[in-house]
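Asker: Residue numbers (my numbering), protein chains in the order written: chain A, 1 to 483; chain B, 484 to 729.
Bear in mind the hints are in silico, worked out from the structure with no lab data behind them. Bear in mind that the values here come from a model prediction, so they are computed numbers and not experimental data. Just so it is clear, CB atoms sit at the ideal spot from N, CA and C, and this is done for glycine as well. Careful, some of the hints might be misleading.
[Claimed, not checked] Here are some of the chain A residues that sit facing chain B, going by a computed Cβ distance under 8 Å:
hint, residue
1, Gly42
2, Lys43
3, Glu420
4, Gly438
5, Met447
6, Ile448
[What the hints assert, rightly or not] Covered by chain A, per the in silico footprint, the following chain B stretches (three or more residues, Cβ under 8 Å):
hint, region
7, 526–540
8, 670–682
[To be verified] Below, computed lysine to any residue pairings styled on SDA-like, alpha-carbon distance capped at 20 Å:
hint, chain 1, residue 1, chain 2, residue 2
9, A, Lys425, B, Arg633
10, A, Lys425, B, Arg622
11, B, Lys589, A, Asp442
12, A, Lys425, B, Lys589
13, A, Lys425, B, Val573
14, A, Lys357, A, Asn397
15, B, Lys647, B, Gln677
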Amino acid sequence: MEIQNMSKDEEIEKLLESVKNITSKKSDWEFKDSFKPQYTTGKGLSRKVVEEISDIKNEPDWMRRIRLKALEIFEAKPVPTWGPDLSGIDWENISYYNKPGDSNTNSWEDVPEMIKDTFEKLGIPEMEQKYLAGSVAQYESEGVYHSLRKVWEDKGVVFMDLDSAIREHPDLVKQYFCKAVPITDNKFAALNGAVWSGGSFLYVPKGVHIDMPLQTYFRMNNEGTGQFEHTIVVADEGSSVHYIEGCTAPRWDKNSLHSAIVEIYVNRNAKARYTSVQNWSKSVYNMPTKRAWVEENGQMEWVGGSLGSKVTMLYPSSYLRGPHASASNLNISLAGPGTVKDTGAKALHFAPYTTSKIVAKSISIEDGKAIYRGLLRINKGAIESKSHVQCDALLINDESASYTFPHDEIYEPTATFGHEASVGKIGTEELTYLRSRGLSEDEASSMIVLGFLDDVMREIPMEFAIEMNRLIKMEMSKMGAVG
Amino acid sequence: MTELIIKNLSAKVEGKEILKDVNLTIRGGEIHALMGPNGAGKSTLGNVLIGHPNYEITGGSIKLDGVELVGKYPEERARAGLYLAFQSPVAIPGVKLSAFLRTAYKNLHPEEKLSVNDFYKLVSSHLKKVGLDESFMSRSVNDGFSGGERKRLEILQMVILRPKIIILDEIDSGLDVDALGLISDEILQFFNDQTAFLIVTHYQRILKRIDPQFVHVLMNGKIAREGDRELALRIENEGYDWIRGN
């Protein structure tokens, strides 16, 4: 008998046990607090607003010029129409910059009481103590807290919000800022360039291996706001690092906009893993641009969970720039009722012997729409490069929909690539079959969801699998499918 | 003493009445055959008995060992000892057979503390008996299975889960002669005075191997005639018209 098989079954049993007690209650993170920002640029966007943000931050001139240039590009570029409907973004009524308070501290004690409460409810300080090498917390537009364990600080690791990094390490930041994602990249990247605020800067020096993850947590609280953080992760030669992002917001009637830039630089022989779990409320348009430059023999791993938001358009891309560079991309999307997940990945092979692997899994509930949109390009000269794309969809009931739009450009004859796709379903027939063998409805649906995630279970945090399960159950109970 | 008593059972599917006043009693140690023309309501009866949510019971009762099953969830009926071998078992991608079977087994027999290892041995020995190899254990339930493999798997599950009242809905369709032989042997070996079968079929070939004491004919949602083995033979030779004629 295969030992591996058996232990896996036991694992599934344990998972089933752990999800049994999850009730379909309102989500823990959907609470609102009544904190009012200390300063806001008010509704709408103009040159004046951009200058105001720059003034408040008292930033160097080169940054101010980038902002103003980016604003012009943003204004010139049309709203993309090739994807989901974005007409619900109320550009005029968004407040683009909201400063929570004065302090950005490395002690939770100094964080304003109400904001501290919020992060405590989300379990951030506790996580930091247990699992993290460092932690940054952002509330609305600004980082309010950052910390890094001394052992890493002593080795030259830099981890703080980007605003602080520009003040404390201007030359280091300037070397990387908007290199992988130029402000000309797309309308939302340009918007970020103009009004960016917050985000993290993480620099791991040559040869340093950080064995615990570092995390940034983003919280939006007020209605009709925008969050535009810019994050830069640099894994210098031969180093390794795991960086995690989490995001939540309460639900409002007025739509909010989240448009981030994430740039990751994986230098020679380095390894970076970027995990993000996005659980925005259903009033948020989530339009980030995320990209990694991977140099010779570097390894980039993207792990993403898109659970929330009204519309998400997200295609983390890997530019494989040096020989033997590799990228893997695992994305799990949950499209709840009335939401659209237009997600995927891009892998661009510029150098020989580069490899990419993309696994995209989506779950659609009711009229939720999950779309895989991907780009694979293997340039001439990227000899013997390899790529594999796998798209799996799980539909919950009959109206759910899933679409796949892969786009391949292969210019190198020695390259190899493959695509796989599958569609599964949690319908009445499937549930009844399992229940007729003695499984409860909960067990039956959990088993299908866990089975669907089985091949990636080891790659994703356990809490994530459980949260996913909880959200699915919550949505299913709303449709009356759960007894 | 195992006893399933169906009394005046009526049921609807999508607003249409399919079963009308069905009465049927099945006891441990008995083998019953249920026959009838296409669309008579045979599969509906199976689905109604296990509590399929698409079927609405409009009247009557289903008692297993004195316990009323009407209004109970499918899993509660399974725990009471009811089992349906589906006519067309649905594929469930991602749900691994071994994990599913073990969860089902633990739910149905919580008092038996079989180790993972022993459970695997048990399943793999029965896999062989129904003509499936061990690799099926790590495959998804019915996913990519041929029609015949699905039928074999229904019987395997029955043997492992040990229900009391078993409905076999056209278990013989899609099986070749050899496979039918294997399956029939497995069924007969499982049969004892605590178990009972309701064999839904159109054909003699399975009834020749598993001899029913009682034969019921369902027509237009009603039990139209009851008898013994002779009734099945007459239907094989003459069809259903003579019953309709009454």
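Asker: Determine for every hint whether it applies to the structure shown.
Answerer: Results of checking the hints against the structure:
1. Interface hint at glycine 42(A): violated, since its Cβ lies 50 Å from the closest Cβ of chain B, which is beyond the 8 Å cut-off.
2. About 47 Å separates the beta-carbon of lysine 43(A) from the nearest beta-carbon of chain B, more than 8 Å, and the hint is not met.
3. Look at glutamate 420(A): its Cβ only gets to about 13 Å from chain B, farther than 8 Å, so that hint breaks.
4. At about 4 Å, the closest approach between the beta carbon of glycine 438(A) and any beta carbon in chain B falls short of 8 Å, and the interface hint on this residue holds.
5. Hint status for methionine 447(A): holds, given a least beta-carbon distance of 5 Å to chain B, under 8 Å.
6. For the restraint placing isoleucine 448(A) at the interface with chain B, the shortest Cβ-Cβ distance is roughly 6 Å, inside the 8 Å limit, so the hint holds.
7. Chain A is given as covering the region 526–540 of chain B, and this holds because 5 residues of the stretch bring a CB closer than 8 Å to a CB of that chain, at least three being needed.
8. Given as covered by chain A, the region 670–682 of chain B fails the check, having 0 residues with a CB less than 8 Å from a CB of that chain where 3 are the minimum.
9. Only pairs whose Cα atoms come within 20 Å are accepted, and lysine 425(A) paired with arginine 633(B) is accepted, the gap being roughly 18 Å.
10. About 17 Å separates the Cα atoms of lysine 425(A) and arginine 622(B), which keeps this hinted pair within 20 Å; it holds.
11. The hinted pair formed by lysine 589(B) and aspartate 442(A) meets the criterion: a straight-line CA distance of about 15 Å does not exceed 20 Å.
12. At roughly 25 Å between alpha-carbon atoms, lysine 425(A) and lysine 589(B) are farther apart than 20 Å, so this suggested pair is violated.
13. Straight-line distance between C-alpha atoms of lysine 425(A) and valine 573(B) comes to about 11 Å, which keeps the hinted pair within the 20 Å bound.
14. Straight-line distance between C-alpha atoms of lysine 357(A) and asparagine 397(A) comes to about 30 Å, which puts the hinted pair past the 20 Å bound.
15. A hinted pair counts as satisfied when its Cα atoms are at most 20 Å apart, and lysine 647(B) with glutamine 677(B) qualifies at roughly 7 Å.
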